[in-house]
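Q: Turn these sequences into a full structure, and let the hints steer you where they fit.
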Amino acid sequence: MFTYTLRRLLLAIPTLLFISLIIFLLLDLAPGDPTANLPLTIPPEVKAKIRESLGLGQPIHIRYLLWLKQFLIAEPLHVMDYMFGTDWAMGMQRVISWQTRSPVADIIAQRMPQTLWVVGLSYVIGTLIALPIGIISAYRQYSWFDQIGTFVSMIGYSVPTFFTGVLLIVIFAVNLGWFPSIYDTTHVVTDWDSFLFQVRQMVMPVFVLALYNAAQISRYMRASMLDNLGQDYVRTARAKGMSEKVVVLIHVLRNSMIPVVTVIALGVPTIFGGAIITEQVFKVNGLGQLLITSIYANDIPMVQTLTFIFAVLIVLFNLVADILYGILDPRIRYD
Amino acid sequence: MPDGGMPVLDVKDLKTVFLTRSGEVHAVNSVSFDLKAGELLGVVGESGSGKSVTMMSLIGLLPSPPAEVRDGSVLFNGEDLLAVKEERLRELRGARIGFVFQDPMTSLNPVFTVGYQIMEPLRKHMGLNRAEARVRACELLELVGIPDAKRRLGDYPHQFSGGMRQRVMIAIALACDPDVLIADEPTTALDVTIQAQILELMKELRQRLGMAVIWITHDLGVIAGIADRVIVMYGGQIVEQAPVKELFANPQHPYTRALLKTIPHITGARDEKLSVIEGQPPILADPPVACAFRARCLHRFDRCDRENPKRRGVGPSHDAACFWDPATGTPRNA
Chain A
287 MFTYTLRRLL LAIPTLLFIS LIIFLLLDLA PGDPTANLPL TIPPEVKAKI
337 RESLGLGQPI HIRYLLWLKQ FLIAEPLHVM DYMFGTDWAM GMQRVISWQT
387 RSPVADIIAQ RMPQTLWVVG LSYVIGTLIA LPIGIISAYR QYSWFDQIGT
437 FVSMIGYSVP TFFTGVLLIV IFAVNLGWFP SIYDTTHVVT DWDSFLFQVR
487 QMVMPVFVLA LYNAAQISRY MRASMLDNLG QDYVRTARAK GMSEKVVVLI
537 HVLRNSMIPV VTVIALGVPT IFGGAIITEQ VFKVNGLGQL LITSIYANDI
587 PMVQTLTFIF AVLIVLFNLV ADILYGILDP RIRYD
Chain B
867 MPDGGMPVLD VKDLKTVFLT RSGEVHAVNS VSFDLKAGEL LGVVGESGSG
917 KSVTMMSLIG LLPSPPAEVR DGSVLFNGED LLAVKEERLR ELRGARIGFV
967 FQDPMTSLNP VFTVGYQIME PLRKHMGLNR AEARVRACEL LELVGIPDAK
1017 RRLGDYPHQF SGGMRQRVMI AIALACDPDV LIADEPTTAL DVTIQAQILE
1067 LMKELRQRLG MAVIWITHDL GVIAGIADRV IVMYGGQIVE QAPVKELFAN
1117 PQHPYTRALL KTIPHITGAR DEKLSVIEGQ PPILADPPVA CAFRARCLHR
1167 FDRCDRENPK RRGVGPSHDA ACFWDPATGT PRNA
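Which chain is which? The protein sequence lines are A and B, in order. Residues in the first sequence are numbered from 287 upward in steps of one, following my numbering. Residues in the second sequence are numbered from 867 upward in steps of one, following my numbering.
Hints listed in this document are in silico derivations from the structure and should not be mistaken for laboratory results. Glycine included, C-beta positions come from ideal geometry on N, C-alpha and C. Some clues are possibly wrong.
[As the list claims (entries may be wrong)] What follows is a list of derived Cβ distance ranges for each label pair:
#1 A:F431 <-> B:N995: 36 to 42 Å
#2 B:R1074 <-> A:F431: 47 to 53 Å
#3 B:R887 <-> A:F431: 45 to 51 Å
#4 A:I441 <-> B:L1140: 31 to 37 Å
#5 A:Y443 <-> B:K1139: 35 to 41 Å
#6 A:R619 <-> B:T1054: 28 to 34 Å
#7 B:D1085 <-> A:V445: 53 to 59 Å
#8 A:L295 <-> B:E1070: 52 to 58 Å
#9 A:I441 <-> B:D879: 49 to 55 Å
#10 B:D1152 <-> A:Y428: 38 to 44 Å
#11 A:Y443 <-> B:R887: 25 to 31 Å
#12 A:T471 <-> B:R887: 42 to 48 Å
#13 B:P929 <-> A:F431: 17 to 23 Å
#14 A:R619 <-> B:T1133: 40 to 46 Å
A: Structure, rendered in structure tokens:
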């Protein structure tokens, strides 16, 4: 397993380099001008100068290599300098956002906690709800529990988050006034009351996203459990006199988790991608919102960096899914 | 072979129905038989004749719904299994009554080691701790003829061949030294040489351990080689019951006779065609009111359409459910 992991990690390097090139070329092809948002009173010559100062005057391969150098060498060195107080970076040029003129990595680091809290928590909650629902739905197939579960999943999966989000805001924020409709990022938790406020402002966005995630994962769980409940080995376990708890939660569950764990692992990178729409609806200024505003502003270094980080996470969690698969299923051995 | 004495298993008037969307299916209709200690009872019949369903009904292994055991009694060492709680059945399953199923490729859980799966019933029913169960599991694997047993306890089912997996299944079934072993077509999914090995193993184990065995099969050759007594099932009923030699020498029911005719001969002139029983087994949508075999029977007459024959003695410990007497070629009296 170790050599397999190592091999896959090494293989990931050329894959990711290729992906970064594709992203770079695509962004370069996209129409748009980073100075388009500047006031019209700025004369064209000055605008051309600004463009040149952003590095746009150079040929495309030079710009790509510069970005690679900044992202792969300068940024890690700066992180290390920050952590250990060293001076390895020696003032090397970092990836700078065109929009804000501050390092891209710093902005991402600022936005990350909101996204992890709201989107990450909703993923964890969604998964934790989905697994027992899927198990019970399958074990009691066509019972009222299963029927309700199916109905709620269908709604959760098919109704878009911008609708459920707005609906929740109208009901619980506008009419009932229970929760704030805008997520306050500047809020700092210092005591019990401020903690409660933090919980209250997270309830609605977390609920909207958790419903969507739970709907999806519980369906997978149910289907996988149903597949396994009819298997011969289940009858064998019963014939051995095992209790239903052991039969379902040990024999069937272990087998059913194999495909579901893969689905869950592959979904993790989407957390970091942020929930673009939900973050917009609740005004959570997380990564999803950052990506959207950067695209609007033609902030190519920011878009390039964010997209590339997503690509890294996707490649990484594909590997994680494969490794988990190998751990759960003894029939799969990679070495 | 032991004869007489208290039967370990005494089944009376067992009825099982399946509730399906298109109505009830009467899969087992008033089946009665007994099993004596140490005896090997062969159960034969074609697919859908109710062999497996009967045996599963005994011990509550049928999924309910759709199955429903509707009537009858199953006395196991004097205890009615149809009347006891599910918890008690669980204590008996795997401990006093062992099962071996048809397909060894799918009957073992693929994600647990063979050792774990053998140790499970040992720990549950015999209260052994992990180390004791391991020792016993190792003995069991040796008992069923798996070489290098100690190391193989840590292997997964996919690392075993089909025959070896069936040996593992037998080891699991025998783990707690059961009184009765129910083997549901244990050799059907195996190729012929492996089949012979498993049969030999079963014969040997029976002599060493002395448990009673119910051996379900549709292979009459297997029955001839292994059984003490045979019951023949058709349409969810027992149509004939006799000691094995008697059954092969003197079959009474037209279905049994037809079954025996379908076995190709190895010696003598080659038959023009393989002989078959024409027609299809009945669909059991209603409880039988006439002979279930009548549509395919060569000797059908008017009474067969009006009345469902009951089993009656036709020889020493031999009974059959038929109105027709093959000895005279005429209907039986009464």
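Q: Each of the hints needs a verdict: does it hold here or not?
A: Hints, one by one, checked against the model:
The hinted window of 36 to 42 Å between F431 of chain A and N995 of chain B holds, with their beta carbons roughly 38 Å apart. Roughly 49 Å separates the CB atoms of R1074 of chain B and F431 of chain A, a value that falls within the hinted 47 to 53 Å. A hinted range of 45 to 51 Å for the beta carbons of R887 of chain B and F431 of chain A is inconsistent with their spacing of about 22 Å. The given range of 31 to 37 Å is broken by I441 of chain A and L1140 of chain B, whose C-beta atoms sit roughly 59 Å from each other.
At roughly 59 Å, the beta-carbon separation of Y443 of chain A and K1139 of chain B lies outside the given 35 to 41 Å, and the hint is violated. Taking 28 to 34 Å as the suggested C-beta distance range, the pair R619 of chain A and T1054 of chain B conforms, at roughly 31 Å. For the pair D1085 of chain B and V445 of chain A, the beta carbons lie near 57 Å from each other, so the given range of 53 to 59 Å is met. Separation of L295 of chain A from E1070 of chain B is about 54 Å and conforms to the stated range, judged on CB atoms against 52 to 58 Å.
Checked against the given bound of 49 to 55 Å, the beta carbons of I441 of chain A and D879 of chain B, roughly 51 Å apart, stay inside it. Checked against the hint of 38 to 44 Å, the C-beta distance between D1152 of chain B and Y428 of chain A comes to roughly 27 Å, which is inconsistent with it. Separated by about 28 Å at the C-beta atoms, Y443 of chain A and R887 of chain B satisfy the suggested range of 25 to 31 Å. In this structure, T471 of chain A and R887 of chain B break the distance hint of 42 to 48 Å, their C-beta atoms being roughly 57 Å apart.
For the pair P929 of chain B and F431 of chain A, the supplied restraint of 17 to 23 Å holds, since their beta-carbon distance comes to about 18 Å. For the hinted restraint 40 to 46 Å between R619 of chain A and T1133 of chain B, the CB-CB distance of approximately 51 Å leaves it violated.
The earlier numbered hints that this structure contradicts are 3, 4, 5, 10, 12, 14.
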